[in-house]
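Here the structure of chain B is known, so what remains is to put chain C in place on it, guided by the hints.
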Amino acid sequence: MTTGRLTPFLWTLFSAGGTIAAFLFPVHLFLIGLAFPLGWLEAPSYEAFRLLIQHPVTRLYLFALISLPLFHWAHRFRYTLYDGLQLYHLTVFIAVLCYGAALGGSAAAAYMLWNLR
Amino acid sequence: MPPTIALDVIRYRPEQDAEPAFQTYEVPFRDDWVVLDALNYIKDRLDGSLSFRWSCRMGVCGSCGMMVNGKPKLTCAAFLSDYLPGPVRVEPLNYFPIMRDLIVDITDFMRKLTKVKPWIIRDQVWPLEEGEYRQTPEQLDTYKQFSQCINCMLCYAACPIVGLEPEFVGPAAIALAQRYNLDSRDEAAGERLKILSDHAGIWGCTFVGECTQVCPKHVDPAGAIQQFKLTAALDALKSFLVPWGTR
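The listed protein sequences correspond, in order, to chains B and C. Counting from 0, one number per residue, gives the positions in the first sequence under numbering that gives the first Met the number 0. Counting from 0, one number per residue, gives the positions in the second sequence under numbering that gives the first Met the number 0.
So here's chain C without its partners, still in its complex pose:
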């Protein structure tokens, strides 16, 4: 076991740097340390000016996503021992504008998330005294997988279409839309279909599948998008065969 391991970390301080550049730090190697531990060691002991987002340290909050050796990873789940002998390259998430060091601007992602209306929409909301909207375990199972998303944006950093087409709504947002479409309490699948049936929505996806590969919560966004496409294709076929039918 080596005593130390090197981290090549992207630094960008807009007030002094013209463009992002790597800075190398030597940190102690411990086999129970993840990349986030090494970053925190740098922040605490070597260079307090290094900026990065993190919170829970246990793969729940989705804050600490970064590129580790070129792959989108939750740094709290990326063990240093998997990157021996180093150096470990740590960069901000691909395709997002860098605000400072490893922190990216997620404004555009937040806009895309709200665009797909990821909340339960009903034509008629029951009064409180009617009780809760009940759901069977089977009804829950249909969307549960897609509800595990923690908005870590690793799928956006992995998707080549996100890089090529800035308007593409992207994997997590479409998976979330599908999560509400499949929810038995929701009644707005048609509305979301209209929002997403264009090139910025589901048809922008060319089924590369990287989103599902990198998802730390096994949400399978690629699967959600293909399900959504099938619904949209059947809808298009129906309106082609029965153009006078009510939509």
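Looking at chain B on its own, in the form it has when it is part of the complex:
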């Protein structure tokens, strides 16, 4: 496989997504999955959450939180298929499938975040 001009950019997305998944996901999982439902911390009201999410900065943050880890997955899964299963003849198909899925997921996230009311 040759290294395309895109490789450094795809790796940057992979790297950023990995950082988010490692550092920010645990915080969200702790707050929304444990601390709020178990009453360790007082949960904000539905209205307060809605107002928070309507703010453009929150929407941008959520977009990054969803989109970049998808690209992290895409890059990792691509090499899992390519090296792990050694599907060398399918290299282009695998790349299109993985990054395409990440693009699709990002587009869906953008659509939903844009239309949140």
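Hint data in this document are derived by calculation from the structure and do not stem from the laboratory. Each statement offered as a hint is correct.
Some chain B residues near chain C, calculated using beta-carbon distances under 10 Å: (1) P7; (2) F13; (3) H74; (4) R75; (5) G83.
So these bits of chain B aren't anywhere near chain C, every CB distance computed over 10 Å: (6) L28; (7) L64; (8) G104.
We put the beta carbon where it would ideally sit given N, CA and C, even for glycine.
Same frame as chain B, now just chain C:
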């Protein structure tokens, strides 16, 4: 404590063997013995024809790397007591051509090492009377970890990409390149970036991380490669955004 322990050792004598095969030796078990002690016992007392590399016995020379029960290890640091009740499987390092018994051909590794120019390169070398190139302790700390490599090649035997892509420069060589890139006395980071910014270099690495797991000197080659990738990615981004900029 058992009186003896069995070692299944790969034998390959090219003049008589068609392919490598295991031979079993029974050696005395002592809890202060490492696998290298057992191999030396075999060599001295049981079978003088067994060939393997070793030198310092203390994790400094990097000669005695072998696969012990399928994992790359310095045999001078692999205690027999960790492999009870045995047998202990001893094989030459993965992915290297076998020359004889436990000895592998490292010609390709040496070629890859020199490819990354692991020495201090300066645009202008000061005359001797100017004195030495001085460095603060902080400047030393930036690369010190990567300078601890003893070229034992355990990281090559652990890296699945080395096995899949023979041209991949590999963990130790890239870590060494990064060691010189980070050295305040060196001025050739750009040159090494050009050499390593391709699929045989840093972009061949898929961050499996086994190199760092097996490194007996805690060099963290995987970390060095990711640092290198970040530099290369920023460089690519810069040349994409400012294509007319000087490189």
